[in-house]
Amino acid sequence: MEAAWQEGLFFVFATVITVSAIGVVTARNVIHAALFLVATLIGAACIYILMFAEFVAWAQVLVYVGAIVVLMLFGLMLTRAPIGKYGEYDNDQKGLAAIVAAAVFGVTAWVLIDSFEGVELPTDRVAATTSKDVGEAIFSSYVLPFELVSVLLLAALVGAVVIARRDERVTSRTIDAARREKAREEDV
Amino acid sequence: MTQIRTPEDVAREVAEGGLATQQMILNVGPQHPATHGVFRLLATIDGEILAEAEPVIGYMHRGYEKLVEARDYRQITNLVSRMDWLSGFNNELPLAMALETLMEIEVPPRAQWLRVVMLEMNRILNHLMFFASFGAELGAITPTFYAFREREDIQLAMESATGGRMHFGFMRPGGLKEDVPRGFIAQALKSVRQVIARLDQYEDLLVGNEIFKQRTVDVGVLSREQVMSYGVSGPIARGSGVSDDVRKDEPYLVYDRFDFNVPIGHSGDCFDRFWVLVHEVVESARIVEQAIEGLPAGPVLGKVPRVIQAPEGEVYVRAENPLGELGYYLASDGDRRPYRLKIRTPSFNNVSVLPEVLRGTFVADMIAILGSFFFVLGDIDR
Amino acid sequence: MSVQERVSAEEAVERLRSTLGDDVGDVEVRFGHLDATCSAENLRHVMTTLRDEPGLRFEFFTFLSAIDRSEFGGPDKPDKHGGLELIVHLYSPAHVLHINVRVPLDLADPRCESISAIYRGANWHEREMRDMFGIQFEGHPNLTGIYLPEDFEGHPGLRSFKLPNRAFIKPWPGAKDPEEAAAGGR
Amino acid sequence: MPEFIQNFELTAWWILAIKLIVVLTVVPVGALAGGYALHKVMAHLQHRLGPMYAGGFHGWAQTLADGIKFVLKEDIIPEKADKPVFKYAPAIIFIPILLLYLVIPVDRRLIVQDLDVGLFYLLAVSSIPAIGILMAGWSSANKYALIGALRSAAQLIAYELPIVLSAATVAMLAGTLSVVGIVEAQDWPFLFWPPGIGLIAFIIFFAGSVAEMNLPPFDMPVAESEIITGAFTEYSGMRFIFGYFFAETAHMIAFSGLAVTFFLGGYRPIVPWEPLTVIPGIVWFMLKLFVMVFLYLWVRPTFPRLREDQLQKFAWKGLIPGSLGLILVAGAWILYAPEWLWH
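Chains as they are written, first to last, in the numbering used here: chain Z, 1 to 188; chain U, 1001 to 1382; chain B, 2001 to 2186; chain F, 3001 to 3343.
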């Protein structure tokens, strides 16, 4: 009974993910595309929940929806996000992109089916991995990849800071300090 | 240090291959909660920094300088109290003084002392109002209610004497409309003493607040040179360390008889302007106390001709309005109406310095600076 | 303190004469304030001197305005009628002095040099005068309307501009003074 | 009867549905009560009385009347707005706040679902409303709304971290991510034990939650004197209520609940004295909740508003290093503190 529920819901979420993923690439407006991306990510999180992988699901929401998409929207709105149907995001490499996407899909699907065919997913809470299992896995068998990823992220962070920090921007405070200096000189 | 980027700089940067950013034009006003009326600030913002800010005024222009050419002096005295609606009584004074100078009217002592009482009470009303609105602009709503509590007491005292709450219409060339009623003295004294007693609460609420200091110290610095060149006056000028106060420099009425200080700031930032404003409340309250204690007896209206008709002549008379120097340049050709009356309002000059002060500040600082410039729209637009 | 030395108006007249000489016309004292005339060409020079001369130091810009004297004294005294006059009022906080500088302008085509580079506060005042009297200030950075809409016709400050409802539509209702009222009113 | 329930196949789903319905009714009522409390607390802190007429006794029905007024108001959508985005933004803001209530344990058994990763869930869900605010601000086609939305996003990014890190400290000390587990793991005196760590974590959490809810002194995204109401400038009627007012009070109550759960011992009595356990946990929980809500309401009319850059500085230079340091201290405590100090 439970399994049937799960299966039905899986198809609902899968449809949501597919439709919104198509929305991401066909949207005429970058903000709409980003919002479709939110729907895609939340759909994926729902599928994780179906498999009782709660930790991954909420990590997905916290990191991707809560942080990355917010940051992305932030950047888009700060730079160029015209309201309404505006801008043409198609170009002549559309066909090539479609081929690459199809190829990636094919390869991933083939790899997944090849390696996981016949594996049963947990259908009830008891068999599911807990956060304790996840923690133990990360900090014992996968500790090296984990640390490597952290170093990579740190490097990216430092790089971002270096790029962002061009020269000191003038703020009211520096201007005011200069003005005060000038005023003081005049007083003397 | 790089310069603030003007729109041209941004265009050049983009042409040179920089990041394709755009400056945004933000219309602050004409309807905006921080502008105290129909005032518009055409701000060009670069992120949250103001690259340029140009005040646009005139939405409330009522053409007083033309209107008064078709009205006689008694009407004008009442008309001008509508300019700066927060300090009606102060608006009426320099005009009456100008007429008294031209017509050589002697103002009886009691009238002069009572005028001082009223003027200073009106100043307290005005300053408390700006105390209230400045707090509200920085997000602290509570001081508003504190200030209004005190305002109400003073307002009731003023109302008992004049019958008005904003536009008192109590001034007459040559004195006052009538003597104050019985009980006014006690009421006025009580209300101003309460202000002095409660000023500690104000200090605790805003002046001593760490966040308030963060928002105002070193923000929107106005230099002494700017004060002079723009003709900025009042608490704003004194916040920049300019000690000019007409009451001290050229005492009119009986101001030379009172013991009061002129609070002066040092750095000319928002905090100092606000500090001066708050401390002027105490000084005004002290003047009211002294004036009430020394109030002489006698008539309140001098020998005034039945028709007020200024002889030919030209005079500029100024007085210390709560917001700064208010002056009337009265040119009379001997008619019952002024030939030309130039109204020099403090807010007009004070606000004209805004583009210089606002350049390079944050949007949030813009609000603090606008609030600390204590302007009344009717006073700018006339 | 701003006040350094109080100078009497008479003494100030002497100082003004000695520094500016013939650049200013008549100098007199009216109600304690100095009153001087200068020509439109000399205005900038006079302003700079008034501001910078140590004995005068008229640093504080009070206001800039104008008077249209073409109806001064009413129709009864046409001998008093004059032209347009620009008034600049300055104050010297150091010496507690006031001065009115009057600049006669041509009523038909009022032009004058802008003093907004000397007193930056004059910027808005000059824009106001352009609205109200149509004075063209040469060298002003941004001489656009400040009070009136851009499509407004006429210059309300001039005497030739009549307030319509008062002058034409109905007689002035409020000029009744006690004596007139007793006599039946106007 | 119990056998019937045990034999009923969809038991778990039914109970979940009933619990959901309870939450769906309790939250709006709580938000209304919170709105009333806001009126009254602020009024009394400001020498006023607040609403006094609606409903008779001290204006108790004021928020209800306000609600009816807002329902009846016209729903105005600006012509240039991006209409679908504009319409759904309030829902994106409000629904996650509702979802927060699912894992707050009101009593040992009074919880909709005790998740294994409850704390993680809370943090994840509470980060979603930012997307709604960004949607609202951008789709309004209004510059003030856009600035408000951007400020709010920047603020969320800055303050999500301190909240997560201080909650992580709590989880470390408790040794679990389950919300009920955290409550059970806490000892008297809740806030101050282990020495000061809990208190500092609480202060960081409190500051972060004030910023996340856009309350003064961190209310720049909705600063009415600067950018009108930020992202909600163009909203009216029901959408305004759900996106802004309701969301604010519901958020405040939810975060009070979280603070009570994480730091104040949730549904447990305030002192470990046997007779006190007679009083049901829900009463303790509510008492602590009221204290927390009052704290949030107290902050609101007290402080002026900071500036956006000052807030960022406060977050990145103060709270985040502070909470990271706290995690180190907590880790050291867990590893090296002698056993007798723990209890």
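Derived by calculation from the structure, the hints in this document are not laboratory data.
For glycine and all other residues, C-beta sits at the position ideal for the given N, C-alpha and C.
Hints may contain errors.
As the list claims (entries may be wrong) - Partial chain Z-side listing against chain F, Cβ under 10 Å, derived: (1) Gly43; (2) Ile47; (3) Ala67.
Claimed, not checked - Capping the alpha-carbon separation at 30 Å, the derived lysine-lysine pairs in DSSO-like fashion look like this: (4) Lys2080(B) to Lys1342(U); (5) Lys1213(U) to Lys3080(F); (6) Lys1213(U) to Lys3040(F); (7) Lys1066(U) to Lys2077(B).
Cross-check of the supplied hints:
no., hint, in the structure
1, Gly43, "violated (14 Å)"
2, Ile47, "violated (15 Å)"
3, Ala67, "holds (7 Å)"
4, Lys2080(B) to Lys1342(U), "holds (20 Å)"
5, Lys1213(U) to Lys3080(F), "violated (40 Å)"
6, Lys1213(U) to Lys3040(F), "holds (29 Å)"
7, Lys1066(U) to Lys2077(B), "holds (22 Å)"
The structure fails to meet hints 1, 2 and 5 from the earlier list, while all remaining hints are met.
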